[in-house]
Amino acid sequence: MNVRPLEFRTARSTAEATALWAEVPDAYYLAGGTDLLIQMRLGRRSPARLIDLKRIPGLSAIEVRGDGALSIGACVPLGVIAAHPEVRARYPLLAECCLAVGSYPVRNRATMAGNVCNASPAADTAAALLALEAAVEASGPNGDVVLPLAGFFQGPGKTVLPAGALVTALVLPAKAAGCRGSFHRLSRRRGVDLATLGVLVGRHAAGGAGAHRVVLTAVAPTPLRVPAAEALLDRQGAAAAAQAAEAARAACKPIDDVRGTAQYRREMVGVLVARAAAALG
Amino acid sequence: MTQRITVRVNGIPETAEVAPDRTLLTFLREDLDLTGAKEGCNEGECGACVVLVDRKPINACLMLAVEADGREVVTIEGLAKDGVLHPLQRKFLEHQALQCGFCTPGMILTTLGLLAENPSPSEGEVRRALSGNLCRCTGYRQILDAVQDAAAELRGTGKGAAR
Amino acid sequence: MSDKPTRWVGTEVPRVDGLEKVTGAARYTGDLKFPRMLHAVVVRSPHAHARVRDVRLEQAARVPGVRAVACGKDFPFHVGIYLKDQTVFATDRVRYVGDPVAAVAAETPEAAREAAARVEVDYEPLPVILDVADGMAPGATLVHPDLGSYECVPWITPKGGSNVCNHLKVRKGDYEAALRRCAHVVERSFSVPQVQHVPIEGHISVARMDGAGKLEVYTSAQSPFTVRHLLSACFKLPHGDVRVVVPHVGGGFGGKAGINLEPIAAALAMKARGRWVRVLVDRSEEFYAVVVRQGLEATLVTGVDKQGKVLAQKLLYLWNCGGYGGYGVNVVRAAGYTCGGAYEFPNLWGDSIGVYTNRPVGSAYRGFGMQEIHWALEQQMTMVAQEIGMDPVEFRLRNCLGPGKSTVTGQVLDEHSGRIDLCIRKVAEELGWGDGRKEPNRGRGIACAVKAPAMPNDAASSVLLKFCEDGMLEVLISGIDIGQGLKTVAAQFAAEALDLPFDKVRVRGLPDTDLSPYDWQTVASRQTWATGNAVLRAAENCKQQLLGMASRAFDAPASRLRLANGTVLDPETGRSLPFERLVMGYQFDDGHTIGGPVAAAASFIPEGLIFLDPETSQSPKPVAKWTFGAQGVEVRVDPETGQFTVERIVGCYDVGKVVHPSLIRGQTYGGMIQGLGTGVMEELLLDPQTGRPRNASLTDYKIPTTEDIPEKLEAHFVETPQADGPLGARGVGEHTMIPTPAAISDALFDACGIRVTRMPITAEKVRAALQAKKKEQPTP
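Residue numbers (my numbering), protein chains in the order written: chain V, 128 to 408; chain C, -16 to 146; chain G, 7 to 786.
If we strip away everything but chain V, and leave its shape as in the complex, we get (with noise of 0.2 Å):
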């Protein structure tokens, strides 16, 4: 399948995944694969090394730490993130982003950390890990960088994350726990298909000033924050709705492409930020 010989590695640290990615050029670390092998199989990619992170022990778990934040390892399966009980019920609008990735037996293996580190412009994950203003955690050949995700998309699969830095976590911290909100997201059907947009209101339990967040994807070369529709929600709550659509249908900058065009996206950002921003109520 690949077009040259691979080499399969499994890692079972951090370090010797780092010390492993190091050593030869085009090693790459796997996750989920859901992506990378179907770049492999199309020549887009062609690594020599690929270094499994699965067996890493940590790396598959998702745990509560002491600050309270809650830290999902980079191993982990979009299923697993939607259905456990502390995602559920600290952080509904993650779930709902997870399950609108791919399908079942995709998510059995997709990771979120691989829909991060993709930086595809549709990536929904995304949408709430933005909101949620969550942190990337990476192990890399200089050291562990955290990396907060507003900054982290450069472009279409362009991140900051350093060159051989491999995610170990991305963390959502104590206080966007409760952030309440809606995902919707248009597609050409409904089963299964990348978002021809996707936007996510929420507002973060502690209210006042900062507490709105308005994400918008593939609309953007970047999953979009609107610091100006948030703050409009922010001094008029739901009754600035129209006006948060029409900031949000300025902030973006849509491409026509086979999923749709930029008109109907820049329209469909304005009809959805209205009617989310208006069911926060």
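In short, the hints are calculated from the structure, not lab data.
It should be emphasised that the depicted structure is a prediction, and the values quoted were computed from it without experimental measurement.
Careful: at least some of the hints might be erroneous.
To be verified - With a straight-line cut-off of 25 Å between C-alpha atoms, the simulated SDA-like cross-links for lysine to any residue are: (1) G/K771 / G/E646; (2) C/K39 / V/R402; (3) C/K64 / C/L15; (4) C/K64 / G/E646; (5) V/K181 / C/E(-3); (6) C/K39 / V/R317; (7) G/K771 / V/R402; (8) V/K302 / V/G335; (9) G/K472 / G/S609; (10) G/K549 / G/F560; (11) G/K510 / C/G66.
The hints should help you fit chains C and G onto chain V, whose structure is shown.
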């Protein structure tokens, strides 16, 4: 360069030397001659290759054989025991839930995974779980009926629950 | 046809190939193992239209592990079922992106890929034609400059020196004069894009030519004998030296009719004698490199009188056939002689024209042109009804065909032809049509369907019946069970005619042309009818053999004996003989024997078909039968997003006789959902400049999933017996997907007053139509 793996397939430990880029699907179909899992798209979109790995339905085209080392795999060939069909297989027959049959193994195994997690799914939950398994023949109606009937039987509330 | 109560036909017998399909035992072509099989890769054109100046295979042949390389120079042979306009590999030019130029076969897939990459092709790009309008324009670049010299069947009329690969003219009554008498005239245009069949099993063929020169082909195909015939013609081999075997087939829908990858596999096999060569397309190539459904641009003019009777009807169907029309030319023809759909048009001017372009190759697709023309015609009928303020159902009933009415070719239907009126009424009743219910953004729509088997007049089937020693009957057929349940149906007819327990029948339906009886093709919704008839005839022959032997065994007149549940019974004496005592010949107590193994072959060929008149297409019986039906749908629209939900589809078809209730429901539901898919989400998108596919993957070409089907699917049937149908049955496999898109479009109009005339009806188009409507009628 190959790698030695041992995978328990339908209850039988299978040890083999495989190339690292061999998918689980190719391993099952070509090395073990278990051709019930089908290659429909090789991109995880059609579900014809779904098998259970550690009891979870997965697309065998999106998993490497080496990743299955030490794991438990169930394919369609492993469902019937001593010639007695699994209730899900029987219900697919009773409801005409198949036509050309190419999607059937994947459809049955995805359903099996669902019913293990959720023995009483609503129609909406069944539709959601099966939406990654494409069928071009049936229009799905009889599949959805078969799944509900099988779920009832497996819960012990359906007709002919004794098995 | 008989009113006798049936024991097996019409009942819920188990599907005979079900067990092997739910256990994974069923083997499809790709599941078979062939010793030391070679892997092929086809080199396909990246250009939609180009002259091929040179193909160089030397570098490819040098790749280690390569066993065969082939290109057009090696096999400059034409192939095609009706119009021989295609070669195995491009010779002088390529005509669509994906056109095969060369192929290699190697010991490993990797070596084959490597070699394919080293095939050097020198292309000179030519102007690309993607639309029929460009293809029909005066002075248009010719896709087939040699069209005038191609071989074709006499009932296809390619026009040399143009891009027209077939043109059927239908002329009935006096259209112009009638139009002048009309109170209202409606003219509208409609279009349908190219779509793909998307069988879950893609195309695959495996071939070997052995040392003695015999060519064997295992292939996923709908027509083993047609494959054999066309391979023999192409490579100039005696039919007897070509063997075609069809294992289980994972869906066809017309895409595996005729001939597809088999010639490429055969060509490589001839170059690597003694080795098996496997050729397949990956999922991406499945979308454009093999066949698709033609596109259609339709313009309709309808004139009606004040009472709502259509007096004048004009139809122009321009078919986008793509680069080759080998099979598609017959879609053009079928659309011509069926151009008026389910209606009687006394004065009609119809033209169905096939146009070459540089798109993927149009071919057979479930419905054979009928869904496309009904998309236009059925919407048009509703618009005409609305124009004169008449209820669309009433309008349809006033103009539809029926016994005593005359089709566009002048055929007068009789009482055995099926009843569209009953189907319309049933669907209308189920939908609650006319009950005055009107909720905002909800709507209902109804559309009709008709189709005849589009096939040569001499398309025939034959079967062979023989027995096992234990009295079990074996039925050999060469129709393919592509999922429709043909094997089960054949078993039902056989068990019925021989009064056998159902489990005493085995249908051998994975045909091998060396061993199996001839069958033309599994297409055209013809198998239940054609193979069913042949099975009944062969069973009758076996029955006479059994009765004859038993008559001598019992010393009783055969006329007194009857078959009873696997025995021959003398009702007068009560004596009986089980089949196992007779099927290998009967032996008397003293040891002498009579008879011999019971076996019979029988055939069916449609009778009384008359060619169309070349100028007017008039014919008293152009086709073997018609099947009529109607579908109704209910939709709910979200006007802000344009997203809509088809909540219910109700179908009713006049099938003559329901042979198997749940199988025919399955056919109906499956067709409705395939109809829904093409209606609302499917379209093969090409780059408008280069003609390269933009959505050739299941990621971007979507077909319906479990989450996309309506809450309610309902199937109803009318049983007006077909005079020449087995126990009155007629075909319905394709018809179930014909009316769905038009019915959805009508329902959307009913819901929110918009009409989408370019399939598919996407949310974005609905939204745009709603916006346009708002601009037209600004709210006060």
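Q. What are the numbers of the hints that this structure violates, sorted from low to high?
A. 2, 4
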